[in-house]
Amino acid sequence: MSERRVSEREAPDAVDEAGSGAARARRSAEALGLPFEPLDTPPADADLWSEAPLELMVRFTCVPVGRSGGRLVLAFGGLDDVTRVDDLEFLLGRPIDAVVAPEERVSEILKRHRGGEMLLEQASESLRLQLVDDDETATATASSSESPIVRLVDSLLMGAIDRRASDIHIETKDREVLVKYRIDGVLYLAVEPLDKRHHDTILSRIKVMSELDIAEKRIPQDGRFRLRVKGRTIDFRVSIMPSIHGEDAVIRILDKESLNAAFRNLRLDVLGFSESDLRRLRKYSTEPYGMLVVTGPTGSGKTTTLYAALSEIATPEDKIITIEDPVEYQIPLITQVPVNEKKGLTFARGLRSILRHDPDKIMVGEVRDSETAQIAVQSALTGHLVFTTVHANNVFDVIGRFIHMGVEPYNFVSALNCVLAQRLVRVLCSRCRRPAEASDALLLESGLNPDIYGEQAFYEPVGCGECGDTGFLGRTAVSELLDMSDRIRQMILERRPAAEIKQAAREEGMTFLRDSALEKVFSGITTLREINKVTFVQ
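If you read the sequence shown in the working numbering, its first letter stands for residue 197, the second for the next number, and so on.
Keep in mind that the hints were calculated from the coordinates and are not lab data. The C-beta atom is built at its ideal place from N, Cα and C for all residues, glycine as well. Where hints are given, some of them may not hold.
Mimicking PhoX-like on lysine-lysine, the simulated pairs with C-alpha atoms at most 25 Å apart in a straight line are [what the hints assert, rightly or not]: (1) K376 with K307; (2) K479 with K698; (3) K515 with K479; (4) K376 with K392; (5) K376 with K698; (6) K392 with K413.
Quick list of the computed label-pair ranges, beta carbon to beta carbon [claimed, not checked]: (7) S719 with G427: 14 to 24 Å; (8) A653 with G266: 40 to 50 Å; (9) S264 with I410: 52 to 62 Å; (10) G495 with N607: 45 to 55 Å; (11) E471 with R683: 18 to 28 Å.
Go ahead and model the full structure; you've got the sequences and the hints to work with.
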C-alpha cells in the first residue's frame with residue numbers, strides 16, 4: 197500500500213485527535229477573551245525565535261507567531277490561566293500579545309525547533325536524560341552542576357530523538373568537529389561546527405556512557421548504552437573508529453518504544469508496497485513451509501519488512517522464534533534470540549538450537565555464511581516456514597548468492613517460495629511539496645524520453661517547519677517480488693541466462709524495482725533524483 201494511502205487510512209483518527217485539540221484550544225480562547233490561532237503552518241519568520249529564550253518557550257509551551265506594533269505575539273498551547281502570560285512578560289521584561297493554539301501543534305513545533313540548541317539544565321525536569329543500567333536502574337545524566345560537555349552530549353541526543361534521526365555522526369576534521377544527524381537516510385548538520393579542543397572530552401563522555409576504554413584511542417571500539425527519556429527507554433549502539441584527525445563516533449538510535457505512529461502496530465500495509473506485491477507477500481507469509489527471502493543493501497528496511505510480516509501472522513497457536521543481530525523491535529507472541537558471537541552464539545549455532553524447540557516459523561536475521569544457508573534451506577524443506585534476509589542487489593542475484601555459499605541448487609529452488617528486493621526512498625512532505633517540470637537532461641538521466649514524459653506532472657521538495665526544512669518527511673519502500681513458479685524453478689535448474697529468467701518473470705507479471713520507483717514518482721510521492729540514487733536506469 198502506498199504511503200499516500202496509508203495517510204488516508206489513518207486520516208479519520210488523526211482528524212478526530214486534531215479536532216478535539218483545536219476545539220479545546222478554541223474554548224479556552226473564548227473563555228479567556230483571547231484570539232485563537234490554529235497553527236496550521238509553523239511560523240515562517242525564523243528571526244522570531246531570537247526574540248525570546250528557547251528554554252522559556254519550552255517551559256511555558258509557547259511559540260512565536262508574529263509581531264504587532266513592536267510587541268511579540270506568542271501562541272500558547274493549553275493555556276487556561278492568563279497569569280502564565282503575565283509571568284512570561286515579567287521574565288522577558290517586555291509586553292507580549294498572547295493567542296491560544298492547540299497544545300499538540302505547539303509541542304510539535306517546539307520539538308522540531310529545539311534540536312541541538314537547548315542545554316538540558318535549562319529545560320523542565322521531564323526532559324532530563326537518565327542512563328539505565330542492565331537492571332533497569334536509572335540515574336540522571338544532566339544537572340546544573342555537571343560539565344557543559346555532559347550537557348552538550350545529552351542535548352545532542354535529545355535533539356536527535358526529537359528530529360527522528362536514526363544515527364548521530366561525530367566526524368573529526370583538521371580544526372573542527374562536525375556533528376550530523378541521519379534523518380530519512382540523509383546526513384544533516386546538527387549544530388554549527390564545534391571547536392577541535394572539545395573533541396577529546398566529547399568522545400570521552402560517549403565512551404563513559406558506553407562503558408568503553410577512554411584511554412584506548414588507536415583501535416575501534418563498540419559499545420552500547422540505554423537512556424530513559426520522557427518515560428520511555430531508548431537503546432543506543434556506539435561505534436568508535438580512529439581517523440587521521442582523531443576518533444570518529446557513530447551512535448545508532450534504536451527507539452523501540454516510540455516508533456513512527458504508523459509503526460506502533462507494525463503491519464505490511466504501512467511500508468509502502470504496491471497492492472500487487474503486498475497481496476503476494478501476505479500470501480507467502482502464510483504458507484505452511486518454505487523460505488521467504490528479502491534482499492537489499494544495508495539500511496533498506498529488510499528487517500522491518502520481516503518484522504511486519506511476523507507481526508501479522510503471530511498467534512498463540514504458533515511457535516515463532518527469531519535469531520537476530522541485534523533484536524531491533526520486540527514483538528509480542530514471538531521468542532526472540534540475540535546473536536552473541538563473543539560467547540559463541542552465532543546464527544548457525546542458534547539456528548540449530550531453535551530447531552530443537554519445535555518451531556512452526558523461524559526468522560533468521562541474515563544469512564552470512566555457508567553453514568547458516570545450509571541449515572536454513574534444510575529447515576524450509578523439513579516443514580518450517582523460514583523468513584530471512586541476504587545481501588544482494590536484486591532478486592536474481594540472490595539465487596547466485598546461495599549457490600555460491602554451497603547450497604545445492606535443486607534444494608534451494610525447492611525450498612524457496614519467493615524473493616523480495618527492496619529499497620527506501622524519501623517521501624515528499626505533503627505540506628510543502630509543489631508541482632515542477634523535469635528538465636530534458638533530468639528525464640534523459642532517468643531513462644525517460646522527453647517527448648513522452650515532457651508533460652508528465654512531477655513534484656519537488658520545498659521545505660517547511662513540518663519537515664524540518666528538508667522537503668521530505670519519512671521514507672517508503674520500492675520493491676520487486678519474484679514468484680518461484682514452476683517455470684522459473686526449471687529455468688534456474690537449467691542454468692538459463694539471467695536475461696531469460698527476467699523476461700519470463702516479466703511475462704508472469706513481475707514489476708521490477710525501477711518500475712516500482714517510477715510509480716512512486718508519477719504518484720507525487722517522491723522525486724526522480726531520489727529514485728536515481730537507489731535504482732539503476734533500465
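Taking the hints in turn, this is what the structure says about them:
no.	hint	verdict
1	K376 with K307	18 Å, holds
2	K479 with K698	22 Å, holds
3	K515 with K479	19 Å, holds
4	K376 with K392	15 Å, holds
5	K376 with K698	41 Å, violated
6	K392 with K413	16 Å, holds
7	S719 with G427: 14 to 24 Å	38 Å, violated
8	A653 with G266: 40 to 50 Å	45 Å, holds
9	S264 with I410: 52 to 62 Å	53 Å, holds
10	G495 with N607: 45 to 55 Å	31 Å, violated
11	E471 with R683: 18 to 28 Å	24 Å, holds
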